[in-house]
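*Asks:* The primary structure of each chain is shown beneath.
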Amino acid sequence: QKEVEQDPGPLSVPEGAIVSLNCTYSNSAFQYFMWYRQYSRKGPELLMYTYSSGNKEDGRFTAQVDKSSKYISLFIRDSQPSDSATYLCAMGGSDSNYQLIWGAGTKLIIKP
Amino acid sequence: NAGVTQTPKFQVLKTGQSMTLQCAQDMNHNSMYWYRQDPGMGLRLIYYSASEGTTDKGEVPNGYNVSRLNKREFSLRLESAAPSQTSVYFCASSEYGYEQYFGPGTRLTVT
Numbered sequence: 073q074k075e076v077e078q079d080p081g082p083l084s085v086p087e088g089a090i091v092s093l094n095c096t097y098s099n100s101a102f103q104y105f106m107w108y109r110q111y112s113r114k115g116p117e118l119l120m121y122t123y124s125s126g127n128k129e130d131g132r133f134t135a136q137v138d139k140s141s142k143y144i145s146l147f148i149r150d151s152q153p154s155d156s157a158t159y160l161c162a163m164g165g166s167d168s169n170y171q172l173i174w175g176a177g178t179k180l181i182i183k184p
Numbered sequence: 059n060a061g062v063t064q065t066p067k068f069q070v071l072k073t074g075q076s077m078t079l080q081c082a083q084d085m086n087h088n089s090m091y092w093y094r095q096d097p098g099m100g101l102r103l104i105y106y107s108a109s110e111g112t113t114d115k116g117e118v119p120n121g122y123n124v125s126r127l128n129k130r131e132f133s134l135r136l137e138s139a140a141p142s143q144t145s146v147y148f149c150a151s152s153e154y155g156y157e158q159y160f161g162p163g164t165r166l167t168v169t
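Protein sequences appear in the order of chains Z and U. So that you can map any letter, position 21 of the first sequence is 93 in the working numbering, and since no number is skipped, the others follow by simple counting. So that you can map any letter, position 97 of the second sequence is 155 in the working numbering, and since no number is skipped, the others follow by simple counting.
Rather than coming from a laboratory, the hints here were simulated on the basis of the structure. Everything numeric in this text was worked out from a predicted model, so none of it was measured. Take the hints with a grain of salt, since some may be wrong.
[What the hints assert, rightly or not] Short derived list, chain U residues pointing at chain Z, Cβ under 8 Å:
#1 Pro66
#2 Phe68
#3 Leu101
#4 Leu103
#5 Tyr106
#6 Gly111
#7 Thr113
#8 Pro119
#9 Gly155
#10 Tyr156
#11 Glu157
#12 Phe160
#13 Gly161
#14 Gly163
#15 Thr167
#16 Thr169
Glycine included, every Cβ here is placed at the ideal spot set by N, Cα and C.
Isolated chain U (complex conformation) (with noise of 0.2 Å):
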């Protein structure tokens, strides 16, 4: 099993640019969640789905979009990217409750 993928690993982006951070869990698991993780701030989480089908907001969805493709993956979209964007970004899944399994992160910096 290779539990939560992530790709990908590191991203440079010039302001205005558009990238979507790729996920997928094959541990079958029904909610799966984006965060960032930025200095002294702890995880704030972007947007999740409760469930395939299913997306809503969470603490900072401004400046981003996300596509529940399937029950494997969530997708992130940045549509026009900014500095205040830089962070490490972590994908997780959950079966029914609060043990989240995260992904190895992605690492994208806007400049």
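This is chain Z alone, in the form it adopts within the complex (with noise of 0.2 Å):
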């Protein structure tokens, strides 16, 4: 078992949908839970990172940790066609080097 799932997808939504992304894992030690987003042949670039339980808004974007679940959650409201990429979620625990564990990854498409 890896220690982060995460469902590959595709997810296709029609354009204003609510998305929910999930990722669950299995290490307790896991204090920073992060969420990358990645257009097709880009880097991935950090969209928002939470620290510990609870949850994290930034704009249309909500990032939600259940730690007695082991499992976490991106909300995008009002999907946008520009929102199509692949979301990485990945997570780190208390060490001083700072070493992420990544899932594999969900595609989305939002579709006009």
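Two chains, two frames, some hints: make the complex.
*Replies:* Below is the structure:
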């Protein structure tokens, strides 16, 4: 079993829909929960992250962590075609070398 | 600011050839990383450098070597390329934390 599991998709939704992207993990030591967005043939870019539990909101994006279930989510409201990309979750513990463990990524397609 | 730059963008090698992938960052970050990305596998860490003068193995270091030339530059060398090293290679950097900034990648094909 991988430490971080993420459904590869693709997930196809109509423009304007609310999107839910999810990851599960097995290592209870993880404290940092990151979401990266990767457009086709580009490098990943950091979208947002949370530390420990709780929610964090940034514009149309909300990141949620449920440590009791070892489950994290990224919600996108009012989805746009420009949100079409692969979304990668990544997690880190408290080690000093800041290594991240990555999910395989979910490909999201927003249909106009 | 250019951020993280990588050269070359594309490369085709024959089995057994060697090459060096170059990475530079202009954000004065302490830590730098080399990843490979394969379909369905996500990003896998090859080597990292927590600070200038130090390097450590990641998840998949076999067949690779690295050099942290100075604070800005971190290179990845394939001494004898194999078809299993066909991948997209990303360099990343970070200050103290998990916020990593990525370069545009190098697409490598080994025939």
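*Asks:* Each hint should be assessed against the structure and marked as holding or not.
*Replies:* Verification of the supplied hints:
Against a cut-off of 8 Å between C-beta atoms, the interface hint on Pro66(U) is violated, since the closest Cβ of chain Z lies about 15 Å away. Annotation: interface hint on Phe68(U) violated; nearest CB of chain Z at approximately 11 Å, more than 8 Å. Interface restraint check for Leu101(U): the shortest CB-CB distance to chain Z comes to about 4 Å, inside 8 Å, so the restraint holds. Against a cut-off of 8 Å between C-beta atoms, the interface hint on Leu103(U) holds, since the closest Cβ of chain Z lies about 6 Å away.
At its closest, the beta carbon of Tyr106(U) sits 7 Å from a beta carbon of chain Z; the interface hint therefore holds under the 8 Å criterion. Of the supplied interface hints, the one on Gly111(U) is violated, with its beta-carbon coming no nearer than about 14 Å to a beta-carbon of chain Z, more than 8 Å. Nearest Cβ of chain Z to the Cβ of Thr113(U): about 11 Å, over the 8 Å cut. The hint is violated. Restraint check, Pro119(U) versus chain Z: the minimum CB separation of about 13 Å is more than 8 Å; hint violated.
Because the smallest distance between the Cβ of Gly155(U) and any Cβ of chain Z comes to about 6 Å, under 8 Å, the interface hint for this residue holds. Taking 8 Å as the C-beta cut-off, the interface hint given for Tyr156(U) holds, the closest approach to chain Z being about 5 Å. A hinted interface residue such as Glu157(U) counts as satisfied when its beta carbon comes closer than 8 Å to some beta carbon of chain Z; here the least separation is about 6 Å, so the hint holds. Of the supplied interface hints, the one on Phe160(U) holds, with its beta-carbon coming within about 4 Å of a beta-carbon of chain Z, less than 8 Å.
Because the smallest distance between the Cβ of Gly161(U) and any Cβ of chain Z comes to about 5 Å, under 8 Å, the interface hint for this residue holds. Restraint check, Gly163(U) versus chain Z: the minimum CB separation of about 5 Å is within 8 Å; hint holds. Because the smallest distance between the Cβ of Thr167(U) and any Cβ of chain Z comes to about 14 Å, over 8 Å, the interface hint for this residue is violated. Checking Thr169(U) against chain Z: minimum C-beta separation of about 21 Å lies over 8 Å; hint violated.
This entry does not satisfy hints 1, 2, 6, 7, 8, 15 and 16, going by the numbered hints stated previously.
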